[in-house]
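A.B. asks: Chain by chain, the residues run as shown.
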Amino acid sequence: MTDIIIHCLIALLLPPLLLGVITKTKAAFAGRVGAPFFQPYYDLLKLMRKGSVFSTTTTWVFKAGPLVTLAAILVAALLVPLGRHHAPISFQGDMVLFAYLFGLARFFTAIAALDTGSSFEGMGAAREVTFSCLTEPTLFIALITLARMSRSLQLSTLLTYPTPAIWLAAGASMLLLVVALFIVLLAENCRIPFDDPTTHLELTMIHEVMVLDHSGPAFGVILYGAALKLLVLGAIFINIALPVTTGNSYGDWLVFVVAMLVLSVLIGVVESVMARLRMVRIPQLLVGATILSAFAMLLVLR
Amino acid sequence: MLYALVLVPLTGALVAGLVPDNRLRPVVLPVVATIYLALSACLIMAPSAPSAGGWFWLDPLGKIVLLCVSILFTVCAYYGVGYLRYRQERSNRVLCIGLLICLAAMGLVTISQHLGLMWVAVEATSVSMAPLIYFNKNARSIEATWKYLLICSVGIALALLGLLFLAYSTYVAQKDATLLLSGLLGTARELNPGWLHAAVIFLLVGYGSKMGLAPLHTWKPDAYGEAPGMVGAMLAGGLVNCAFLAILRVYQICLASGSAELLFFQQVLVGMGLVSMAFAAVFMARQADFKRMLAYSSVEHVGILAIGLGLGKGALFGALFHLLNNGLTKGVLFLTSGNIHRSYGSKTTEVVKGVLTRLPWTGGLFMAGFIAITGSPPFSPFVSEYTIVSSAFIEGRYLVAGLFLLFLVIVFIGMALTVLPMVMGAPPDDVEPTEYRDSLLTVGPPLVALFLILLLGIWPPAFVIGLLRDGAALLGVQP
Amino acid sequence: MNSFADQLLVLVMLINLVMLGSSRLLFSIRAVAVQGAILGILPGLIHPFSGHLAAITVGIILIKGVLIPYLISDAVRKAHIRREVEPFIGYVPTLFLGAIFTALAFVFAEKLPLAPEHKELLFVPASIATLLAGFLILTTRKKAISQVIGYLVLENGIFIFGLLLTEAMPFMVEAGALLDLLVGIFVMGIVINQISQEFSSIDTSRLRALKEE
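Line by line, the protein sequences give chains A, B and C.
Residue numbers for the first sequence follow this note's numbering, so the first one is 1 and each next one is one higher.
Residue numbers for the second sequence follow this note's numbering, so the first one is 1 and each next one is one higher.
Residue numbers for the third sequence follow this note's numbering, so the first one is 1 and each next one is one higher.
These aren't lab readings, by the way, just hints derived from the structure by calculation.
Among the hints, a few may not be true.
Stated by the list, open to error - Example chain C residues on the side facing chain B (calculated, C-beta under 8 Å, incomplete):
{"no.": "1", "residue": "Leu138"}
{"no.": "2", "residue": "Gln147"}
{"no.": "3", "residue": "Asp180"}
{"no.": "4", "residue": "Val187"}
Glycine included, every Cβ here is placed at the ideal spot set by N, Cα and C.
Start from the sequences and build out the full structure, keeping to the hints where you can.
C.D. replies: Below you can see the structure in the form of structure tokens.
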């Protein structure tokens, strides 16, 4: 019971801090002091207090978009084990539900963007779905590989399956999975080198361009959903990349939170040292990631 | 003694590298060649035994190739002194060094009984020949060199994979993994058949591309066409025979391993041989570049070698004999074609006409070489080709024999259509006079080679026949 | 030790894919250097230590990891070659083909009658996959220098198979093979330089003067 409560608390409260850590890391690299760690919380509170402006051409789809997206990701967050703890909701085959929840979230983001009728947002939606075509197989193949290794279709089982012993035995495929998942993590969360969340040029954006027309609480919901998505994918990544356990339940929670923060720093470092890729090179890297995970599966299957 | 076959040319290469004078340097070639010829004559005449460890042995098959290579090299070396006089405009340092290193590598091919070492030597022959094809330093010769280098390197790399498969087949059969020929022949029956099969395929592809068997011959017309005549002669008579020796070793292993693999190998050889002859027949007709024509003739003759080997039994004797004859006849043709090229400054048949009038000796030799290479009596290629085709009839392989004869006829007609207008007729007036004149050094060596094939055709020396018998015996023909 | 060797082999296969997908020439050269160096480490992991082994390790790392890449990058410098690879077909399709070939290599290796002690190792699939990747680079790239890199990768693939069989390959043969490779690359480097002088480009699709009319 305690674990479930802690799980919900972390899932609800931690995400904006991750964004803050990333911004702080980037600021440190640029030699600035940067915004406080808790700035994203203030931003969210500010947005929640504001009013919303809705274009007259939009329908209920536009309003439902952010909410459905957030709801889907919230449910997904309940399916994924954080650290070495089983998730609150867990059943055989939940990995399929997990994948489709992500698909649902993406579908509503894209369709809400299309609902505005703006050409920019249409372009963003087109890019988003194109690139997700390339990232989804990677995620799926990675999960299938783990499912095959752990012989279970339950996210809680297969994601807590990796242990140091397994790393020693099948290090190569685990390493491949980690690299592939890190690329997916960056791509899905619209991070450099795939997308620049802070850019102000609509032509080069992917995800951000889709949410241009949202304002006020709706935009806050979108920002929060994005942060939550980072947590969920980061949790998958950490479960595979850091297969350690302290033996103590609270210790494990601590390890998870620290690992999440370190991961955020890592993302901040990547964002600081890399430039955004040219749009034509993005599919190449994503296909590369798919091939990595497929390769990992090949190694496990043989 | 055996090691001298490698060391003498290497020393020669060193000396050639040190001689500063461009006129004096080519003289190293005949000096080394004469020593080499005397050395190989001693080694060929003397009975030989495997060295300790079994790595080196000049067995009868090696002796046949060595005989051909040493005679051909001597002919080319003396010719080279005369030829390079006309090419004083560019340095011949690389040419001399490359030829001598190649000779050393070819010597190593003939004496090595370790297939890995043999592979190293074959690869060394290809690499050392590459700069020689590039002697003319123009766009066309670069292109030829690049194709030659790339295709041969990849081919030879595949042959290495074949060798590794061969070694693995011994490993899987729980024998000591080895590539020593004696060891392989001893355990051949127990080798893992799957790996052996893969090994044979890769070795055939690898050494086949080196030899220029169709459809792996595409580099050949380019390289032969652009290389200087004497380099072409060494390619067609030296390198081809070294690669063929490697294929003979594979044949030995197949023979020792039992009938199934041997049958497959022979069938593939006959198939590739016929395809080679067909390609040559098609492309030789109306060939405007007479050096390329000679290249296709070389493709045809490696085809004949492959068919002779593939038919087995009596044809093996013919194939081994043909190896010798083809090498020497190609020497005559390439060297004289070099003369014609020098004299006319062109190698297209549109320009080159009336060679017999302009260069009586060269023209006559080229004509005689053409008659010899197409398998007309009284020259020795007739004897070897006759042996192969009669053996095919005796074995009841009527289709093979029929196609063989058909392609020979087409090749004869095609080659005649190119050669006769070149040699006969009046030389065109508008050809610029060049400084080239027939001289003892440029005509004498091919004349000697022609005399040798005439001798081999009419009255082959007893020791050659004995050598060929011994060689055929190693390939499983009971005398 | 074997599992470490396997992981290195996975790295070798990854380098193949990286080379297929990368557009930078110098990057490919570095990648092939790393691949060569890995090949140098591998024999030490699967065979007991001996003088022969030490010599081979040093020889491979020196020749495949240092000298040959140096020769190639030297040729790049001298011939003033542009940095892009210029493939005949795009990077993503080549990458896909490479991935498919790698998968096929695994399927094929599974079918081969391997000795029982080699069944579990990745040597054979890695060898075939690298060989095929080399072929792919060799055939899909326009530049002469990329073709040389392809040839090197192909040779590396063959070499991996050879690592299973060091008994059959005495030192003399291995050294000779390496020397041949080195000289071959050296000659290729010279020819590339000449090609770039003669054609003011090393695009091999321009080499088409010699053909049958």
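A.B. asks: At a threshold of 8 Å, is the proposed contact between valine 187(C) and chain B supported by beta-carbon distances?
C.D. replies: 5 Å, holds
A.B. asks: So, as I understand it, the hint says glutamine 147(C) touches chain B; can you test that by seeing if any CB pair is closer than 8 Å?
C.D. replies: 6 Å, holds
A.B. asks: Under 8 Å is the threshold here; is the Cβ of aspartate 180(C) close enough to any Cβ of chain B for the hint to stand?
C.D. replies: OK, holds: aspartate 180(C) within 8 Å of chain B, min 4 Å.
A.B. asks: How about leucine 138(C): closest beta carbon in chain B under 8 Å, or not?
C.D. replies: Status holds, d = 7 Å.
In this structure, none of the earlier numbered hints is contradicted; all agree with it.
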